[in-house]
Amino acid sequence: MRFAPRHRRRSSEDSLLPLINIVFLLLIFFMVAGRLTSSDPFEVEAPESISEGLPQPEIPNLLLGRDGSLALNGEIVSRDKLGQHLAPLLDGEGPAKLRLRADGRADTPEVVALMEELRGHGIERLQLITQPQRDAQP
Amino acid sequence: MPPGNDSAAGRFAIARPRSRRAGISLTPLIDVVFILLVFFMLASNFMEWRAYDMGTPVQTAAAGSDEGAMLVELRAADQGAGVILHLAGERISVVELEQRLRTRLERVPDQRVLLRAGPGVPLQETVRVLDRLDSLGLQELALLPPAG
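Read top to bottom, the protein sequences are chains S and G.
Going by this note's numbering, the letters in the first sequence line up with residues 383 to 520, in that order.
Going by this note's numbering, the letters in the second sequence line up with residues 84 to 231, in that order.
Chain S with its partners taken away, still in its complex shape (with noise of 0.2 angstroms):
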């Protein structure tokens, strides 16, 4: 007679279990396997590359959008004042590195006169970031 009502409420809690043992292990894995970043200020589609080069984590990130704008370190900054707000970042010592992530559909002109620009502001290497492919093209 005791176990009737007892048995009754573990059954509704039990059907719940495999539920929270599932989101419990979602949410686990996406703790673990994901990594926490800022969003970009504007969409940077990298060009796709078969490159192994693995990105340097603690060095400036540069982001050149499609139509030329620029984000140093996720904040939008204008072309002129790009010196300005790079020569703060750079006064470490080694060579002076940044990270360029320049969008694939860019014209490549314009990418290469943004690294001379930059050489001009006092970097000496340059890591052009890319992702791996998608779809592997024979």
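It is possible that part of the hints are untrue.
To be verified - Partial pick of chain S residues on the chain G-facing surface, computed with a CB cut under 8 angstroms:
#1 G416
#2 L418
#3 T419
#4 P429
#5 E430
#6 S431
#7 G435
#8 R487
#9 A488
#10 E498
#11 Q509
#12 L510
#13 Q513
#14 P514
As the list claims (entries may be wrong) - Here are the in silico distance ranges between beta carbons for each label pair:
#15 Q182(G) x I404(S): 52 to 58 angstroms
#16 I404(S) x T186(G): 55 to 61 angstroms
#17 I458(S) x P202(G): 22 to 28 angstroms
#18 W132(G) x F411(S): 17 to 23 angstroms
#19 L418(S) x T186(G): 48 to 54 angstroms
Quick caveat, the hints were computed from the structure, so don't treat them as lab data.
Note that this is a predicted model, so its numbers are computed, not measured.
C-beta: ideal position from N, C-alpha, C; glycine also.
Keeping the supplied structure of chain S fixed, place chain G upon it in accordance with the hints.
Same frame as chain S, but now just chain G:
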């Protein structure tokens, strides 16, 4: 507190409130876990980045003379996608260019190759050519700004 802890009836009497306390509804927990799940799904990033290490163009162009360097020009195709490659002024296909470079590299292992992209060539196409040339084992590969 119900009296009579030591009697069998007392044990049953205690068991009921304890089981009621343990029976806190799981729904708020699930709510919170769901919210956390949605947050991590939206905020986490699974992008894997790769990188091309390069000196800036002026630096690499100034590092050595252009003597003996092969200049590959990329021009935008008149219609449709893709690029047209020019080596020493003549049109050449990517496969042909690879063959020539391969034979050239056998004789001159430190052959410099300069890549100059004209206007209208998307960066994606340049990187694609860069990929193919890089996989040949070139030691010196540089991007040049367009002439003029």
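Here is what the structure says about each hint:
The beta carbon of G416(S) comes within 2 angstroms of a beta carbon in chain G, closer than 8 angstroms, and the hint placing it at the interface holds. For L418(S), the shortest C-beta to C-beta distance to chain G is roughly 5 angstroms, which falls under 8 angstroms, so the interface hint holds. The restraint placing T419(S) at the interface with chain G holds, with a minimum CB-CB distance near 4 angstroms, inside the 8 angstroms limit. Interface hint status for P429(S): upheld, as the beta-carbon distance to the closest one in chain G is roughly 4 angstroms, under 8 angstroms.
Satisfaction of the interface hint for E430(S) is found here, the shortest Cβ-Cβ separation to chain G being roughly 7 angstroms, below the 8 angstroms cut-off. With a cut of 8 angstroms, the hint placing S431(S) at the interface with chain G holds, because the nearest CB-to-CB distance is about 5 angstroms. Here the hint on G435(S) is kept, as its CB sits about 5 angstroms from the closest CB of chain G, short of 8 angstroms. Restraint check, R487(S) versus chain G: the minimum CB separation of about 5 angstroms is within 8 angstroms; hint holds.
With a least beta-carbon distance of about 5 angstroms to chain G, the hint placing A488(S) at the interface is held under the 8 angstroms criterion. For E498(S), the suggested interface contact is upheld, since its CB lies about 6 angstroms from the closest CB of chain G, less than 8 angstroms. Annotation: interface hint on Q509(S) holds; nearest CB of chain G at approximately 4 angstroms, less than 8 angstroms. The criterion of a C-beta within 8 angstroms of any C-beta in chain G is met by L510(S), whose closest approach is roughly 4 angstroms, and the hint holds.
With a cut of 8 angstroms, the hint placing Q513(S) at the interface with chain G holds, because the nearest CB-to-CB distance is about 6 angstroms. A least Cβ separation of about 6 angstroms between P514(S) and chain G falls short of the 8 angstroms threshold, and the interface hint therefore holds. Between Q182(G) and I404(S) the beta carbon distance is about 55 angstroms. The supplied range of 52 to 58 angstroms therefore holds. Between I404(S) and T186(G) the CB atoms are about 59 angstroms apart, so this pair conforms to the stated range of 55 to 61 angstroms.
In this structure the supplied range 22 to 28 angstroms holds for I458(S) paired with P202(G), their Cβ-Cβ distance being about 25 angstroms. Taking the beta carbon of each, W132(G) and F411(S) are about 21 angstroms apart, inside 17 to 23 angstroms as hinted. Look at L418(S) against T186(G): about 50 angstroms separates their beta carbons, and that is inside 48 to 54 angstroms.
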